[in-house]
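*Asks:* So the chains spell out like this:
Protein chains: 2
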Amino acid sequence: MNEFDRIAEFFAPLAGEAGLGLKDDAAVLTPPHGRQLVLTVDQMLEAVHFLPGDDPAMIARKLLRRNLSDLAAMGAVPLGYLLTTALPPNLPEGWLKGFAAGLAADQNQFGITLLGGDSSSSRTGIALSATLLGHVAPGQALRRNGAKAGDEIWVTGTIGDAALGLEARLGNRPDPTGFLTRRSLLPEPRTGLSLAGIVNAAIDISDGLIQDLGHICRESGLSAVVQAALVPTSPEAAALGPEVLERRLTGGDDYELILAVSPEKTEALCAVCAGIKITRIGIFKAGEGVEISGDNNAPLNLASSGWKHF
Amino acid sequence: MNEFDRIAEFFAPLAGEAGLGLKDDAAVLTPPHGRQLVLTVDQMLEAVHFLPGDDPAMIARKLLRRNLSDLAAMGAVPLGYLLTTALPPNLPEGWLKGFAAGLAADQNQFGITLLGGDSSSSRTGIALSATLLGHVAPGQALRRNGAKAGDEIWVTGTIGDAALGLEARLGNRPDPTGFLTRRSLLPEPRTGLSLAGIVNAAIDISDGLIQDLGHICRESGLSAVVQAALVPTSPEAAALGPEVLERRLTGGDDYELILAVSPEKTEALCAVCAGIKITRIGIFKAGEGVEISGDNNAPLNLASSGWKHF
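Protein sequence lines correspond, in order, to chains D and U.
Using my numbering, you'd call the opening residue of the first sequence number 1 and step up by one each time.
Using my numbering, you'd call the opening residue of the second sequence number 311 and step up by one each time.
Think of the hints as simulated: they come from the structure by calculation, not from any bench.
Fair warning: there could be bad hints in the mix.
To be verified - Partner residues aside, some chain U positions facing chain D, computed with beta carbon under 8 Å:
id, residue
1, Ala-336
2, Val-338
3, Leu-355
4, Met-384
5, Gln-417
6, Asn-418
7, Gln-419
8, Thr-423
9, Lys-587
Just so you know, these numbers come straight off a predicted model, no measurement behind them.
By construction, the Cβ of each residue, glycine as well, lies at the ideal position given by its N, Cα and C atoms.
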């Protein structure tokens, strides 16, 4: 199959109205009336962001979900996406079929359609990117720079599962139920929460709790103190014992949200997050940097703050 | 340098207002009032779209220009872009400096700003993509499917230079003036032409004149007859003799426009294209496929129609 066959068979059926059947040079989108657009892009590269041999449907879904999580962190409603694929010539056709099925599943789940893309051959491994569009009410996008001293630090879900799941997939951790592995392969972006007016700052955890919390601190001109014992853990991660604490605090790929919330907004936060586990883990203060309080409130010193691409 | 250092030093200075200093999870863009958005994405991969050792500034500019050419083919006004970079860890810092300088030069030339991006390490070669946004008046986007039987086929610029320039860069063609090489490295996207209401269909030549003209034929349900002798050639390509005709007709990367124009719109077309060479090369008819007429109107049979990624 050449690129045009691939587009016609696997990708054109995923196109929404603005995608013009993927038959033109570009998509034409009428922006939602009276809304601002929110735009983000993320890559997934073989041997960097996923393992050779990973299920193509899961790769597709994680590609969308990493970007959907960025939209969630901005408080945006997802709208659509553009896709790039660079594929080795010997890739079996079943790979593309699975990849497209994964895209279709999450398009359906998150209410998005394909707007356009670019299909190339690759001389090395598989390289993918998705550009996601969403929308917010004007001036209502959640930013990293809005946290105030005294705001409480809340997180959605449980923290550190994905990093432990990756280690399990590499054969370095037990994962008898497969839960940690699933958390690594298929994150749950926290779209659909009406956080505007409640949350002062937000970010999603892609590079690790400490590092991503550090971004809010830097942009808001504050420090953060986190009680390690409060950081929510799944039973499966807890079963690995206290020695995985540092891994949980610094491991990436959770795609949970970190939220800065004034104490008087606690009730409103809990109301809009009904059905999702949310946990208060610490507080923002004047100063700079992220401090982790361990047993007896002694500060924990961590070897690394989180993932950085070099 | 890690990804955050790279973003702060090289990419944040390129961000426009909607890019929020590249300090958030996504860009927030207020769409131009009463306009439709036009969105496109293209990749540039080392050893596929550019050669190892190519000037990073030229790679950056070509990455933007390939996408700007897609916007031009839709009749859109460029607005901004998102960027992905996947870079090997041993890449010299000077590469990034040159790459960012190339982006800055073309941002300035084409009136666009950086909205956001994603920076990753690569285990193989350099991989890049850009998602470009533009805007058009509602319903005025140029499409591939609007050509009518009797429309004349026009092209901008000269055809085939870039493919010959690539061959020159590979040492397989003479290029004493360097003109063909420059055409391969730095295309001139035809943005800024007010073609709405004049042109019935348009596409840019990325994969070769014949193949891209074929896309208009397929989407418009027509055939095209091109007089090979009318296809505009640069003096530098002409100097290579008639044996490069097929290469010129099927070689990609020219980023000139193919336009379908009713004969009574000729004058209006020439008026809006003042200062740009445009040439009538044939006509659309009922039927299907692209026919090339050579000497004495005998059809030319070509071995290939143009570039396809497998």
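*Asks:* Quick check on the hint: Val-338/U CB to chain D CB, less than 8 Å?
*Replies:* Hint on Val-338/U: holds, closest Cβ of chain D at ~5 Å, below 8 Å.
*Asks:* How about Gln-419/U: closest beta carbon in chain D under 8 Å, or not?
*Replies:* Since the shortest Cβ distance to chain D is 20 Å, the answer is violated.
*Asks:* Hint Met-384/U vs chain D: min CB-CB distance below 8 Å?
*Replies:* Constraint on Met-384/U satisfied, holds at 5 Å.
*Asks:* Given Thr-423/U was flagged as interface, is its beta-carbon under 8 Å from a beta-carbon of chain D?
*Replies:* Check failed: Cβ of Thr-423/U comes no nearer than 12 Å to chain D, outside 8 Å.
*Asks:* Have a go at the Ala-336/U hint: is there a Cβ in chain D nearer than 8 Å to its own Cβ?
*Replies:* Interface hint status for Ala-336/U: holds (4 Å vs cutoff 8 Å).
*Asks:* Return the status of the interface hint for Gln-417/U: holds when the least beta-carbon distance to chain D is below 8 Å, violated otherwise.
*Replies:* Check failed: Cβ of Gln-417/U comes no nearer than 17 Å to chain D, outside 8 Å.
*Asks:* Taking the closest Cβ pair, is Asn-418/U under 8 Å from chain D?
*Replies:* Status violated, d = 21 Å.
*Asks:* Taking 8 Å as the limit, does the beta-carbon of Lys-587/U come near enough to a beta-carbon in chain D?
*Replies:* violated (21 Å)
*Asks:* Let me know if the C-beta of Leu-355/U comes in closer than 8 Å to any C-beta of chain D, holds or violated.
*Replies:* Holds - the Cβ of Leu-355/U comes within 8 Å of chain D, reaching about 6 Å at its closest.
Hint violations for this structure: numbers 5, 6, 7, 8, 9, all remaining hints satisfied.
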